[in-house]
Amino acid sequence: MRGTVFTETMLGTVRLDTETTERRVRLDLRAEADEVLRPHRTTRARLTGRVRIAGFADDPGAEGELEVSPIARRRIRYQLAFTGDGRRLVLDGWKSVTARRPLASMTVLPFTLYEGDARVGEGVLRFPAATRLVPFLLSFRFPRREDRAQHFPPRWDGTPGRTEVWYTTLTDPTTGTGIWLHHELTVPADGSDPFAHGWVAAFPRDGEVRHARFGSAPWTRPADGFAGDKVTATPGQLAGGAGEFRWELTERPQGPPLFTFPRWSWRRPLLPAAQMLPAARATYDGEFSYGEHSLTLSGAPGASARIYGHGNAHRWTWLHADLGGGDVLEIVAAVSTRPGLRRLPPLVFLRLRRGGRTWPRRAERSAVGWLGVGRFRAGFGLPQWTVTGRTALRRIHVEVDQPAERTLTLEYRDPDGARAVCRNSESADARIVLERWWGRWRPEASWVLDGTAHAEAGDR
Amino acid sequence: MTAEGLVAALLADTGDEDWPARVPNRLDSVLAALPRPARAGVHTAVAALETYAVLRTGRRLAALDPDARESLLGSLAARPRLVPLLDLLKVPVMLAAGTERMPTAPLAVTAPEDPPLDCTPAQEWPTRSTADVVVVGSGAGGAVAARTFARAGLSVVVLEEGAHHSTASFGRRAPLDRFTELYRDGGATVAVGNPPLLLPVGRAVGGTTVVNSGTCYRTPEPVLGRWSSVYGFHLAESFGPRLDEIERTLRVATQPLDVLGNNGLLALAGAERLGWRAGPLRRNAPGCKGSCQCVVGCPTGAKQSVQLSVLPDACAAGARIVTGARVRRILLDHDGPGAPRAAGVRARRPDGSELEILCPLVVTAAGALQTPPLLRRSGLGGHPRLGRNLSVHPATSVAGRFAEPVTAWKGVLQSAGVEELHDRGVLIEATASPPGMGSFVLPGLGRELRGELEEADHLATLGAMIADRPSGRVQGRDRTLVRYDLDPRDGDRLMTAVRAMGRLLLAAGAEEILTGLPFAPRARSLDELDELLTRTTARNLHLSAFHPTGTAAAGADPRRAPADPKGRLRGAHGVLVADGSVLPSCPQVNPQLSIMAAALAISETWVEREG
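Protein chains in written order, with UniProt numbering: chain W, 1 to 460; chain Y, 1 to 611.
Hints were generated in silico from the structure; no laboratory data involved. Among these hints, one or two may not hold up.
[As the list claims (entries may be wrong)] Just some of the chain Y residues that point at chain W, by a computed CB distance under 7 Å:
hint: 1; residue: 127
hint: 2; residue: 333
hint: 3; residue: 335
[Unchecked claim] The calculated label-pair distances, taken between Cβ atoms and stated as ranges, are:
hint: 4; chain 1: Y; residue 1: 124; chain 2: W; residue 2: 445; range: 51 to 59 Å
hint: 5; chain 1: W; residue 1: 44; chain 2: Y; residue 2: 610; range: 39 to 47 Å
hint: 6; chain 1: W; residue 1: 54; chain 2: Y; residue 2: 610; range: 40 to 48 Å
Virtual Cβ for every residue (Gly too), placed ideally from N, Cα, C.
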């Protein structure tokens, strides 16, 4: 299921009923529909944008509805509420599409301004096709519309030798404390009963890292997420207790899902394992306490992720960096445990979601490049590891620092009984530099995360 | 001036009086209001006449002396085939001559202030707007529907092609000037057929109720019974209380005798001597002063046309009227399940620009001649019976010459009804009209016609309409083309009506009957009249009609009725038909109350179900 997003600019004039002269109007709109725009059907979209009426209104927070139906109803209707001159006004108008005058009827928008039910003005907007058609067409995007809750139910299909993880990492903006909740279903390869277990950890800015394990508990096959040993992780809710830890958190997703590995590898488990985020970013509210510490979270940034596969990699690193402003960087670099694959250099899955767009466009690009040429590279190590890579016109350099005092070392166990060691820090540092090529490499953006990056590095 | 020579010839102008010289100018203004084909027809006829004059005498008509003109007309009148054509040519000339010969002085009485209406010219109405209901047409049906929906709390916009005329404006202007403005096509709407039929309809805020005679007959019970039992239009069963309400709104009462006028009194006297059922008509004109100008807008405000009675109530309840807006099409949403759904209307302003109003319910009340083309333009003309089933109440008139002056234009325009033959489908109504505006065509050409004109104050006029079979059809999408072929039975009824009117006039003391037949214009006795009538047929009569109905009839049979029994158009959601076109068959009486009751029933039923 995909949606439609596009932007449109229209210019025109309006004459207010109380005035004799016309004022210039400019509309800069972004339309977002939950379905793919099909011209022969009726598509409804949410409108947001900026309304400017010369000397009267300049509201960047205009909101409304768009009804696009150029063939079925021969009408494209705009209803936009905005504030002008301290009053709440509604712009209501529509283009009447006719085959006799296709260009004029698709570009001219007569409208009426209302305050409540009373008319306060009338005007005409025009889409300047000569200058705006190309940007308009290039602005069309058809992003996937997914229900994040659909990624929470267990994937396990009864096959022995599988592991499935629901993990959440977040940072309390008040205290700088990093929090890690790890919920895991392990299905031993020897055919014994599956069990649920996990752990919780706190990474205070000053002080020692604390953690506690919960489980093992029999797997009860919950329908909507993880449940075991009085710990639950369901869409929007995280609750439970382990040792000195207690938590009751509400999760609010802040963006669409982010597939760190190729989407197909999550839908069809052909790779040894795959990871994805039901929401690329999330905020958390609620209570989290451990020992004598009690945190009241409000809008704490973080994310939940999911893993399903045969077990842990041979070596791996992971980074989740909330870059602010809705941007996020997710990296998984791993060497497979499979014979043969183990000899390959690390596969780097890097996803930078910036301004609503994800780079590189395909997850495979960073991992394998073009038959290995141009793949992204990872430099494993501790306390610092790096990832670098470039596409045709953009390159990135990521350095992650996991200071030992802010790192928690835990032992993982695969379904086949093999052991791995994970060194995790929810208060890591990261430095990210993004450059764009325009005659030469020019800085495009850079971020420095001081104790707010979520990272781990694992090996055998 | 188009036709100086023609006017001079037809009116035998000798230059003794001033008024004939003013007629050509007046004629030009009449012609300017006519539709282009009619205007072209008149111009062609005038050109042919002038050519004939030049060929015969070497000079144009205007340059001939009165005797030569008379001789020329005489030679034309001697050709029987030309007489009906010359009669047609006489109609606009008589209209102009009637006005110029007896200019109507502005009324001494001050016109009362009209109840307020919320009228907005289309130029000032926004190009884009929304409403709950749009009513197309502000006539009898549209006004009642608008009032019902507005009272139910819905936002209503009434779109009217014509303009709003106040009572005061009627008093200020000559009847002929009003005539050309208040009627569609300048009053020259014609139904094509044999014989052709003049079918004038009003175009103003208030629709045809502005220009009708104000006669208010309740729908006869047998008609209501037939509509319900035969056609399945079950709303007719509830017409009783609704007709009561409409009568209260229009303040319908029997016309008092004091202002009835000689025309009506003579009709009543004749009926009394014959022992026929007759009486003053029930009218919606309390305090009528007998101005005899109903057909060009009542200048005293006595006639309770809907713009004075129903629309003010509608506007008080929130309805708004847009004038000068001709609805081009009903907008439809085709993407829902099932039939398309009405989404609004697109209307054209006088300057050619368009406005649109979005609404989930459209009420078509454009009249029986305009509703079918509107539906066709909107893509809703798929029903095979749309535009058919047209009944018009064909009418003809007969005049009687009396020894004493009658001065028919002083008194009530349509004053007395003779219902003796109503069971046989003939309803006689004493109908006078302002000079030249009646449907009665004076006989003769030249001096004979001038003589008739000079003696016109001795004429009393009766009109008779018949309950006809639905033998008409409304065609066209952008321009209406009406076709009406007189049914043989209806032809017999018309001849019966002519004979009955002649008998009535003779009984009232008429010395001579003017039959209106081109070939046999006069009869001095009933025997002579009978003898004349045996030599002619109804096809030779000058027919006119004022009550088009039935072109989008409501009924239970989906194959025969374009609208369902509740007045909803079949094949679409959200379109109601609430005008004369929804009546299943002709109501056999002046239809204003029937149309208003039907509109009330349809709109109230919709409000009860959907509101």
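Quick rundown of the hints versus the structure:
1. 127: At about 4 Å, which falls below the 7 Å cut-off, the nearest Cβ of chain W leaves the hint on residue 127 of chain Y intact, so it holds.
2. 333: 5 Å, holds
3. 335: Hint holds; residue 335 of chain Y Cβ to chain W Cβ min 4 Å, cut 7 Å.
4. Y/124 to W/445: 51 to 59 Å: 54 Å, holds
5. W/44 to Y/610: 39 to 47 Å: Given about 24 Å between the Cβ atoms, the range is violated.
6. W/54 to Y/610: 40 to 48 Å: 44 Å, holds
Violation of the numbered hints given earlier is confined to hint 5; every other hint is satisfied by the structure.
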